[in-house]
Amino acid sequence: MNNTQTSTRPATAGATTAPLAVDAVDLHKSFGGTSKGGISKGAASAKTVKAVDGVSLAIKPGEIVAFLGPNGAGKTTTIDMLLGLSVPDSGTVSIYGNTPRGAIARGQVSAVMQTGGLLKDLSVRETLELTATLFADTRPVDEVLERAGIAEIAGRLVEKCSGGQQQRLRFAMALLSDPGLLILDEPTTGMDVEGRRDFWTAIRQDAARGRTVVFATHYLEEADSYADRIVLVRRGRIVADGSAAEIKNLAAGRTVTARLDHADQPALAALPGVDSVSVRAGRISIHTKDSDAVARYLLGHTAAVDLEITSNNLEDAFVALTGDDAPAPTEGH
Amino acid sequence: MSAITTTDRVSLDRRVPAAGGLNPTFVRIEIKRLMRNKRTVIFTLLMPAVFFLLFGLSNKDQHLPNGQSYGGYILISLAVYGAMTAATAAGSMVAVERALGWSRQLRLTPLQPAAYIAVKAISSLSLALLSVVTEFLVGAAFGIRMEWQIWLVAGLVAWLGSLTFAALGLFMGYLVPSANVMQLLGPILAVLAMLGGLFVPISVMGKTFGDIAKFVPTYGLGQLARSPLTGDFDWMWIVNVVVWLAVFTIGSALAFRRDTKRV
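Chains S and E supply the protein sequences, listed in that same order.
Under the numbering used here, the first sequence has 332 at position 332, and the numbering climbs by one with no breaks.
Under the numbering used here, the second sequence has 220 at position 220, and the numbering climbs by one with no breaks.
No lab work stands behind these hints: they were computed from the structure.
Honestly, I wouldn't trust all of these hints.
[Stated by the list, open to error] Here are some chain E residues the structure puts well away from chain S; computed CB gaps all over 10 Å: (1) I42; (2) M47; (3) L57; (4) S58; (5) D61; (6) L64; (7) L156; (8) I202; (9) M205; (10) F215; (11) I238; (12) R257.
[To be verified] Below are the BS3-like pairs computed for lysine-lysine, each with C-alpha atoms no more than 27 Å apart in a straight line: (13) E/K32 with S/K160; (14) S/K160 with E/K38; (15) E/K32 with S/K120.
Please read these numbers as outputs of a predicted model, since none were measured by experiment.
Each residue gets a CB set at the ideal place from its N, CA and C atoms; glycine is no exception.
Sequences are here, hints too, so could you generate the full structure?
Shown next, in the form of C-alpha cells:
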C-alpha cells in the first residue's frame, strides 16, 4: 500500500507542474547602434541604450503581478518581448510553454497597450466584432461590452470616445479571447476614479477564475492594493521581487519609535540591523531591518515606554530601490 | 452574475483560427470603412463618372476607325482610372492603420500577415469593382452602346488589372509615414493616367509622349482594357502590366517586412 502511495506521488507532482504562465529567462534588449549599425553614422553606435539588461521572470498561473518602476525602467520593452512584438537580443520567452506568437495565435494571452491601437472610423461594437472574428474562440461581444462598462456607447464611433472610454474599449478587446494571461501596460491611464475602481473589480473577478494578470504601472497604490506580487524594475533590471510587505521590508525595514529620556544612541546604533537613530521631542526613532531585536532591547534594557513599530510604506521602498542613488542591483532577491 | 463556479475557469486548451484569421466579417467591415471615407467615395466613384459626363459624353456619336463608339473608348479608359484609384486608395489605408497603431494591435491577435494582405487585396478589388460598375452604369445610362462581350471583357480587365495599383497603394502605405498618403498619391495617379493615355488617346499625344507612355504603369492596362473595343493587341502591353505588378508587389513585400521587423 505504501508503495502505491509513494509511486503515485511523482505523478501528482507532475500534474501540478503545469507550464508557467510566463517564463522569461535572461532577457536583454538594447536600442541604438546595435548589430546592424553599419548604416548608422559611427558616433550614434556609441549611444547604445540597454533598455532591458538581464530580466528573468517566472510567473505562475493565477498570480497578479505588478511590474513597477519609474518611467524608462524597461517595463514596456519587457512587455513587448513577452508579447513577441519585439525580439530580445538574447534570452528566451515562453508563455504557457508556447512561443509568444504561438500563445497569441491560440488566444492564450492578450494585452492592453497604453495608447493607439484603435481605428477611429469604426464604432465601439464594430471594433469588438472585428477583433472577435480573428480568434477561434471568443466570449460574446455583448458580454465584454458589459464587463468593460461600455455597453451604452457601443454604437459610438471610436473618434468620439473619451480617453477613458477608449481605454475601456482596449480592455474589452483584450477580454474577448478570454485569455489565460492578461498583460496590461499602464491600464488605468486616462480613467477617472470610478472607471479605475470598476476596472480593478473586473480584474479581481477574473483572477478568481484563474486568469494570470501582469500589469505595468507607476501608481504605487495600484501595485500595493491589487497585486499579489510586485516586481520592481530599475534601469532594465529587477531590483526586488516579492509581496508588497516583503518589498517594504527590503527597502528599509521598519521604524521603531519610543519615549526615552537620555538614550544611549551609540549603543542603539550598534544593534544588529539598525540603519539610523534620531531623537526628536523626547521620542527616539530607529530605522531598522530587525524591528523585533530593537523592540526587545528597548523594552528589556532601557526605560523606554509608549513603543510603536511602523512599516515603511511602499513609496519609501520605491524611492529607496529605484532612485538614482540607490545601490546597484545585486543578484537574487 | 457573480456566481463564479469552477467550471467557469479560464481555459488554456485553445485552437488556432482557420485561414490565419481571414474571414468575411473582416472583409465586410473593411469595405464599410472605405465607404465611410467621403474623400475615397468622391475620388473613386464620383469623379470618374463626372469626368465621363464632362469629356466623354460629347464624343458619344464619334467613331473609332473600326466603327466602334469613341465614347465607349473614353468610358473604358475612365473605368480603368476609377478602378486604379479605388485600388490604390484601399491599399494605402495601411498608412492610416500604421499611424494609429492598429497594425501593432493586430499583431496581438491570431491574424497572420498573409491573411491581412489578403483582406487588403479583397477590399481593394471590391472597391475597384464598384468603381467599374458605377462607371459603366453611368455610361450605359447616357447612351453608350457596345456589344456585351466588350462590356464584360473590358470591365474584367479594368477590374483585375487594378491589383497592380492595390500593390502600389500598399507599397506607398508602408513607405510613407503619414496618414494622408492619398493626398500625395491622388495627383500622382492623375499624372500617371494622363501619361499612360487614359485621359487623352496615345495617338494624339505626339511622338515623344507616345514613346514615354509605353513605360507608364497605366499604359498596358488601358490598352488591354480597350483591346476588345479597338480590336488591337500587342504583347508588350502584357509585359508592361506584368512588370509593374511585379515591381509594386515586390516593393510592398519588402516594405512590409521592414515594417514588421521594426514594430
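Exercise. Going by Cβ atoms, does E/L64 stay more than 10 Å from chain S at every point?
Worked result: 43 Å, holds
Exercise. Taking C-beta pairs only, is E/L57 more than 10 Å away from all of chain S?
Worked result: 35 Å, holds
Exercise. Beyond 10 Å from chain S, beta-carbon-wise, is E/L156?
Worked result: 30 Å, holds
Problem set entry | Non-interface label on E/I42, tested against every C-beta of chain S at 10 Å | 16 Å, holds
Problem set entry | Interface-negative label, E/R257 against chain S, beta-carbon threshold 10 Å | Correct as stated: the minimum Cβ-Cβ distance to chain S is 14 Å, above 10 Å.
Exercise. For E/I202, is the shortest beta carbon distance to chain S beyond 10 Å?
Worked result: 39 Å, holds
Exercise. Does the no-contact call for E/S58 survive, Cβ to all of chain S over 10 Å?
Worked result: For E/S58, whose nearest Cβ neighbour in chain S is about 38 Å away, the distance exceeds 10 Å, so it holds.
For this session: Check the non-interface label on E/F215: least C-beta distance to chain S beyond 10 Å or not.
Result: 31 Å, holds
Problem set entry | Closest CB of chain S to the CB of E/D61 still more than 10 Å away | The assertion about E/D61 holds, with a minimum of 44 Å to chain S.
Exercise. Given the hint that S/K160 pairs with E/K38, does the C-alpha gap stay at or below 27 Å?
Worked result: 18 Å, holds
Exercise. Does E/K32 pair with S/K120 here, judged by a C-alpha cut-off of 27 Å?
Worked result: Since the Cα atoms of E/K32 and S/K120 sit roughly 13 Å apart, the hinted pair holds (cutoff 27 Å).
Problem set entry | Verdict on E/I238 as a residue remote from chain S, using beta-carbon distances over 10 Å | 38 Å, holds
The earlier numbered hints are all upheld by this structure, with none contradicted.
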